[in-house]
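Novice: Sequence:
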Amino acid sequence: MQRFGTFLSLAACALFAAYSFAQPTKVDEQKNFVIRPKAAGGSGGTNYDTSKFIVIRPNGNVPSLVTQPTTPAQPTTPSTQPVAGRLVPGMIAVPPPGTPKVDAGIVFDYWFAAAVDGQRIGYVQWGAKKVKQNDRELLVGVKHQKFTVSRFGQVVSQWGEESSVENTDGDVLITGMRQGIGQDQALVLNGVVDGKTLKVTGEGAAKGASNTPWPEGVVGCVREPALFKEKRLKTGASFDYPAYIGVVNRVVKMTVTLEAEETLALWPKEPARKLLRFVSRMEPVGNFKLPPATTWVDAETFEPLKMEFDFPGFGGKITFLRTTKESATVAVARPVELFNAQSIRLDREIPGIHAGRSVVYKVTAPKDDEPGTLFAEDARQTVKNPDAKAKSFELHVSAAHGPIKGAAVLPAPGKEFTASNYFINWDNDGVKGHAAAAMRGLPATATDWEKAVAIERWVHRNMKAFEFSQAMATADNVAKTLSGDCTEYAMLGAAMSRAVGVPSRTVLGLVYAPAKDGKPYLAYHMWFEVFADGQWLPLDATLGGGGVGPGHLKIADHSWHDEKTFAPLLPVLRVLSAKPAVTVGKVEP
Numbered sequence: 000m001q002r003f004g005t006f007l008s009l010a011a012c013a014l015f016a017a018y019s020f021a022q023p024t025k026v027d028e029q030k031n032f033v034i035r036p037k038a039a040g041g042s043g044g045t046n047y048d049t050s051k052f053i054v055i056r057p058n059g060n061v062p063s064l065v066t067q068p069t070t071p072a073q074p075t076t077p078s079t080q081p082v083a084g085r086l087v088p089g090m091i092a093v094p095p096p097g098t099p100k101v102d103a104g105i106v107f108d109y110w111f112a113a114a115v116d117g118q119r120i121g122y123v124q125w126g127a128k129k130v131k132q133n134d135r136e137l138l139v140g141v142k143h144q145k146f147t148v149s150r151f152g153q154v155v156s157q158w159g160e161e162s163s164v165e166n167t168d169g170d171v172l173i174t175g176m177r178q179g180i181g182q183d184q185a186l187v188l189n190g191v192v193d194g195k196t197l198k199v200t201g202e203g204a205a206k207g208a209s210n211t212p213w214p215e216g217v218v219g220c221v222r223e224p225a226l227f228k229e230k231r232l233k234t235g236a237s238f239d240y241p242a243y244i245g246v247v248n249r250v251v252k253m254t255v256t257l258e259a260e261e262t263l264a265l266w267p268k269e270p271a272r273k274l275l276r277f278v279s280r281m282e283p284v285g286n287f288k289l290p291p292a293t294t295w296v297d298a299e300t301f302e303p304l305k306m307e308f309d310f311p312g313f314g315g316k317i318t319f320l321r322t323t324k325e326s327a328t329v330a331v332a333r334p335v336e337l338f339n340a341q342s343i344r345l346d347r348e349i350p351g352i353h354a355g356r357s358v359v360y361k362v363t364a365p366k367d368d369e370p371g372t373l374f375a376e377d378a379r380q381t382v383k384n385p386d387a388k389a390k391s392f393e394l395h396v397s398a399a400h401g402p403i404k405g406a407a408v409l410p411a412p413g414k415e416f417t418a419s420n421y422f423i424n425w426d427n428d429g430v431k432g433h434a435a436a437a438m439r440g441l442p443a444t445a446t447d448w449e450k451a452v453a454i455e456r457w458v459h460r461n462m463k464a465f466e467f468s469q470a471m472a473t474a475d476n477v478a479k480t481l482s483g484d485c486t487e488y489a490m491l492g493a494a495m496s497r498a499v500g501v502p503s504r505t506v507l508g509l510v511y512a513p514a515k516d517g518k519p520y521l522a523y524h525m526w527f528e529v530f531a532d533g534q535w536l537p538l539d540a541t542l543g544g545g546g547v548g549p550g551h552l553k554i555a556d557h558s559w560h561d562e563k564t565f566a567p568l569l570p571v572l573r574v575l576s577a578k579p580a581v582t583v584g585k586v587e588p
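According to numbering that gives the first Met the number 0, the sequence shown holds residues 0 to 588 in order.
Rather than coming from a laboratory, the hints here were simulated on the basis of the structure. Misleading hints may appear alongside valid ones.
Capping the alpha-carbon separation at 30 Å, the derived lysine-lysine pairs in DSS-like fashion look like this [as the list claims (entries may be wrong)]:
#1 129 - 288
#2 390 - 518
#3 233 - 273
#4 198 - 273
#5 195 - 131
#6 578 - 518
#7 361 - 316
#8 390 - 414
#9 195 - 230
#10 383 - 366
#11 233 - 252
#12 390 - 361
#13 578 - 288
#14 388 - 585
#15 228 - 288
#16 366 - 316
#17 383 - 518
#18 414 - 404
#19 316 - 252
#20 316 - 129
#21 431 - 479
#22 129 - 383
#23 515 - 578
#24 361 - 388
#25 366 - 404
#26 252 - 390
Pairwise CB distance ranges, derived in the manner of DEER restraints [what the hints assert, rightly or not]:
#27 357 - 195: 39 to 45 Å
#28 410 - 241: 49 to 55 Å
#29 262 - 210: 22 to 28 Å
#30 515 - 250: 56 to 62 Å
#31 522 - 463: 16 to 22 Å
#32 441 - 560: 26 to 32 Å
#33 347 - 376: 24 to 30 Å
#34 302 - 585: 54 to 60 Å
#35 153 - 269: 45 to 51 Å
#36 136 - 460: 55 to 61 Å
Note that CB positions come from ideal geometry on N, CA and C, so glycine has one too.
Construct all of the structure, not just a fragment, from the sequences and the given hints.
Specialist: Spelled out as structure tokens, the structure:
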């Protein structure tokens, strides 16, 4: 269903790394729950009275909830052979799930092979089991994903997980979310439902995460797949339900419609079966709206067998097909290259663009209702000549290598641009030490702009570039590893700026990148801005040019104040979903 697709789509923004431990969370006065994965090579520890706690180990390092019949791993290339019923394009060559062994404690245990246009990227496990709290029966649901992809030829693994504890009436009591964000670092948010509020707690620097409103009827991981059977819709009918999306810490409305009954063969060499095709739509989060997701369920059992949605971040349709554990977890032999999907091809080269003065781009965004709002406007970037019918506009972008003459003086920024927060956390020895090193050699009278340029130069010289095992690592983590891609450069640059008293924020956008065949790309990119001389001024530590040229197209900026989710990345997902085409107009070298 769409919540499943939402979780995977937003999680795909990050490159997943390692597990962290969750804090115990209280359900009532009788017992607490510890949602805790095992430590590598260990049991995870038992530093609590086990008679007072129920321990839930939801990650993929523990045995499956249900033991599936052993089936040899199948080839992972798309099937091109005709099968009974209508052939499904991009069919994944895996066996059907078979009949699981009966276990009284198991509600369900689904394993899905994941592929993009038939090319394997990993797997998803979605399961639920019963637990006892004294004489009270509760249900624990977990969705765990692992993807293997490639960027610039470097293979990386991604992981993410969400979980919920529910009562037998389907009420959610506890929520959990884990997202790898850097080397040996994960974003961990747990929540306990208290009336109309989800009280959220976080690990380490994520402590103090914002609570979120909790309406009645929120559907969790356990109850969600049962909705198909509960509702028993007629063709063309719909139902709504609220769902919690942990990666953005929000409850959103889902609308599910039964579009058709159809007969399809989902697996090679298997006969066709009768299926119900549902389409799910998530309400927009701000200006961002995910594409619809399609789920095929068995017409007799109502179990989900296949899910599919179009996510531009992966360059095509992502398909999740039910199979055995052994086939779902087979190693990915040929990872999908993300760079090709996460960039926009230009029609011609712009020699010396990063040292140029300005460029006018023609942007057409056929998949967005308000294309003129896709990109930010500021002193160096404006939207002109919008054409609502053609869904196009001109984006005029200028260089900025220091304070811009004649630019309006802006009000001083608030404390959110100077304070230490979860991602831009500068109040630690690592970040402050690097900031002090960057300041060496500057006179005591150095301006804020001069300090910021020195920081950009230091980060550029000392970071190890193009290391994609990072995702959205916090600044203190980057300060330790001094490795990563543009997100790590930007986070560290922004944090070091705040450490020396210069307000800062990160910027999400596109950057001009050359290609061997002469047709360059606009690649998705992150840099940072500082407030100096009454202006917000850009710097890019990845390039280290003392500012940016007209090859930097800004989508959005963020202070990351009080933010412990990936919600600030939604504007980029919106641009990806809009499938923009960009051509080069007037160029001023």
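Novice: Need the list of violated hint numbers for this structure, in ascending order.
Specialist: 1, 4, 8, 20, 22, 25, 27, 28, 29, 30 and 35
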